[in-house]
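Colleague: Protein chains in written order, with my numbering: chain A, 1 to 230; chain B, 1001 to 1332; chain C, 2001 to 2289.
Calculated directly from the structure, the hints in this document are not laboratory data. Bear in mind that the values here come from a model prediction, so they are computed numbers and not experimental data. Possibly wrong hints are sitting among the right ones.
[Unchecked claim] Just the calculated beta-carbon pair ranges, DEER-fashion: (1) Ser18/A / Val1155/B: 46 to 56 Å; (2) Gly137/A / Gly2154/C: 35 to 45 Å; (3) Ser18/A / Leu1313/B: 22 to 32 Å.
[As the list claims (entries may be wrong)] Sample of chain A residues with no beta-carbon within 10 Å of chain C, all distances over it, derived: (4) Asp67; (5) Asp129; (6) Pro167.
Each residue gets a CB set at the ideal place from its N, CA and C atoms; glycine is no exception.
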Amino acid sequence: MNAAALLSVNGLSASYGSAKVLFDISLAVAPRSIVACVGRNGAGKTTLLKTIAGFIKPTAGTVTAGDRTLIGLPPYDVARLGVKYVPQDKKVFSDLTVRENLELGSYATRDYNWDPVTTYFPKLKVLMDRKAGYLSGGERQMLMIGRAILGSPQVLLVDEPTEGLAPSIVAHLKNVFRELSKTAALVIVEQNLPLVCAIADKVYALSDGAIVATLSGSDEIRVDQCERFL
Amino acid sequence: MNRGPTLRKAWAWWWGILLAFMLIAGMRLVLPLPFVNEILIFSIYAIGCSFLLGKVGFISFGQPAYLAVGAYATAFYLFYFGTNPYIGILWGLAAGCAAALLVGPLFVRLRSDYFALVNLALAVIVFYLMQKVLAPITKGDNGLWFLTNMTSTPVLDITQPQQFFIFAFLVGLVVWAFYKYLDDTIFGACCLATKINEDKLQFLGYSNFRIRLAAFVIANTTTALAGSLYAVYLGAVSPEITAPSRTADPVIVILLGGVGTLYGPIVGSVAYTGMKDVISKLIGNWEMVIGPLLVIIMLAGEKGIWGTLEPWLKNVLFRRRNTAADDRDEAR
Amino acid sequence: MDTSLLFSGFIFGLSIGSIYFLMAIGLSLCFGLMRVISLDQLLYYSVGAYIAYSVSLATGSFGLGLIAAVAVGGVVSLAIERMVFRRIYERDLTFSMITSFGVLLGGVGVIKFFWGLVPRPVPLPFSAQVDLLGTDVPAYRLLVVAVAAAVYIGIWLFLNRTVTGKAIRAGIESVEHVEGLGINVARLFTTTFVIAGTLSALAGALHAPLIMVDPHMGLEVLAFVFMVVIIGGLGSIKGTLVSAFIVGQVVSIGSLIYAPLAQVAPFVIMLLILLVKPTGLYGSALLKK
């Protein structure tokens, strides 16, 4: 669709059993940009991210990252190709320490340079040997994102990152996302419209498993513009 | 949905059961009597397990335990106390029901994986119980022999294989009709609901625990009944009926037949009994054939023999006669 | 009761518990990570015992038999994983249980085909008695306990010190998240399955001189191994260790009091524990499928 796109999705459809949940979704993510997906609960946002990441097998359509097609690859190969999914459930490996969690993030690419993580989230440095199960919600989210950015992925698929977090942490994450977008592309599913409008270069609105609107440019991406899709 | 198709469907089901048993009666004419008797008992044995797996979502690897309870209760009565096989069978039923009521409240609280494993352990424990612990009264591996203790009974003399066949046939018919009836009651619907979503069923005001317990007791009492029939038919009981290698027998039978199909357990019983018979006669090593076969059936999509045959049979038998009716069925 | 009798009973229980532990730990790991119940572990146990029997008979060295048993157990479990289990990880537990029972049954058939039905004795590699606290204890039983202890330490180090082991621990919590980090879970599953198969074969080979090997030996320990897994809690390594110890002692001390008790007492203990905690001693209620 878009030759310059880092990640492009074309005509993607998916279903759970006999229930169709995604209908002919097409989107393009340019390098070093932030794309947001908004929509009501059940609109298919999470399904979209999971399908791109390889957790759900689509019934039709293509997903390509650069010149590699991602469809049919198991999730771990998708992640190795630099498309990483950060789930919304904030489930860190609670029995493992923060350090061990990060080690697993480094394992696939053998990239043990943790500087980016500790620069973005200095707090994790002091928590290194604590079991992840004892972290607060915000710290868990930091760890989830930190774990995913190891090995410098090209595309980060972030699912509802600020859900249930304190405003100060949301503000912190906002800056982190901006910083991250200098080297990678981000696809963020989010309900927090002020955040979306502050950082997104492009907004896709989903409803009932289909894209109903595409907004881009600073005049279109305003909270009042997006509100009608929630 | 209007009432017409429902009635017609119900009629088709009943007709199906009658047809299936007609076929078994037909088999009586061509196949040796012990084989047909074995199939009848086995199909009663399998239906309890089929009900638990298909309707309640509990897979039980421990059915032989309840089979043994029924068989031994009957055997104890006929060996030590009485002579009337009918009363022996009643004892078997009562013991099966009591055993299920005893362990049921604990078992049905378990998650389905623990349920399967605990039942498996139970079957092996019952085996050791009968083989070693209770050896003074069960005579251990030798088993209890009471064929000559049984006296002839009036009307239907089940000590005679021919008349036992008629009795087992009638019992089988009643059991099958009973399970068919259960399917259509609210209780049947609740069982299915506990399998699919236990939380929502609770919101509707039903107790998962009670429904599961009832299903458990019904299924295992049926299994005990099969055990009693075995005991009376063979005139002997040994720990072999609950041997560890046989724990999966009923599960294999319903899988061979096809899970959740009406005739599955019957077809499976015929196939399994037949195969075991033929294989052990030919090479004496039934495990080597049944094991891989089971794996293949599972990998091929667990539709089983009946599940695979059913659409094909329908096609062959009914295509010319009522294509239109079939189409209407499909549409519905 | 005589203390020396009690003490040798304790050692007997430890060695039995060690065998159960070696088998149960594989089952528990397989359940924890892949959510399968792998009844075919009992086949690798029998295979291990038979290989140990044949090789030690042919070469006269039990040590060689032990090594061969472990190697063959590993290869057979690798083959079964590739041919059968790889296709059923996604399915529910019932599915793996029945399929693996098919594998077990078929394997028993193959064993019958090659070795026949007759139980075979495996001579003890050494019949020395060691004087321990004034009681004569068979040295071989102590060896079994030592091997199990070494395996526990090895598994502990593997799970806590290697990155593959950490990935397995993480996978027990959530396979999806491990996959999302780019870790090849298919390989992780294979590794875990082969470790389990190897340990089962080791258990079988170690157990062989203490019993007779026969085609149904796997089915004979089945109940005890599963009781160990259930009491400990599916998916817990620590729970498996504790419950293997308990079951071993109950079997051994029980048989000192009244021989038939050995078979039934562990079952009663299991029921009592499940009555209090339906997911076993260390089983987490969170592990659901």
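Colleague: Each hint needs a verdict: does it hold in this structure or not?
Modeller: A quick look at each hint next to the structure:
The hinted window of 46 to 56 Å between serine 18/A and valine 1155/B holds, with their beta carbons roughly 54 Å apart. Checked against the hint of 35 to 45 Å, the C-beta distance between glycine 137/A and glycine 2154/C comes to roughly 37 Å, which is consistent with it. Remark: the range hint 22 to 32 Å for serine 18/A to leucine 1313/B is upheld by a beta-carbon distance near 26 Å. The claim that aspartate 67/A lies off the interface holds: its Cβ sits roughly 19 Å from the closest Cβ of chain C, which is beyond the 10 Å cut-off.
Non-interface call for aspartate 129/A relative to chain C: holds, since the shortest CB-CB distance, roughly 13 Å, exceeds 10 Å. Remark: the non-interface label on proline 167/A is consistent with the geometry, its nearest Cβ contact in chain C lying 27 Å away (cut-off 10 Å).
No hint from the list above goes unmet by this structure.
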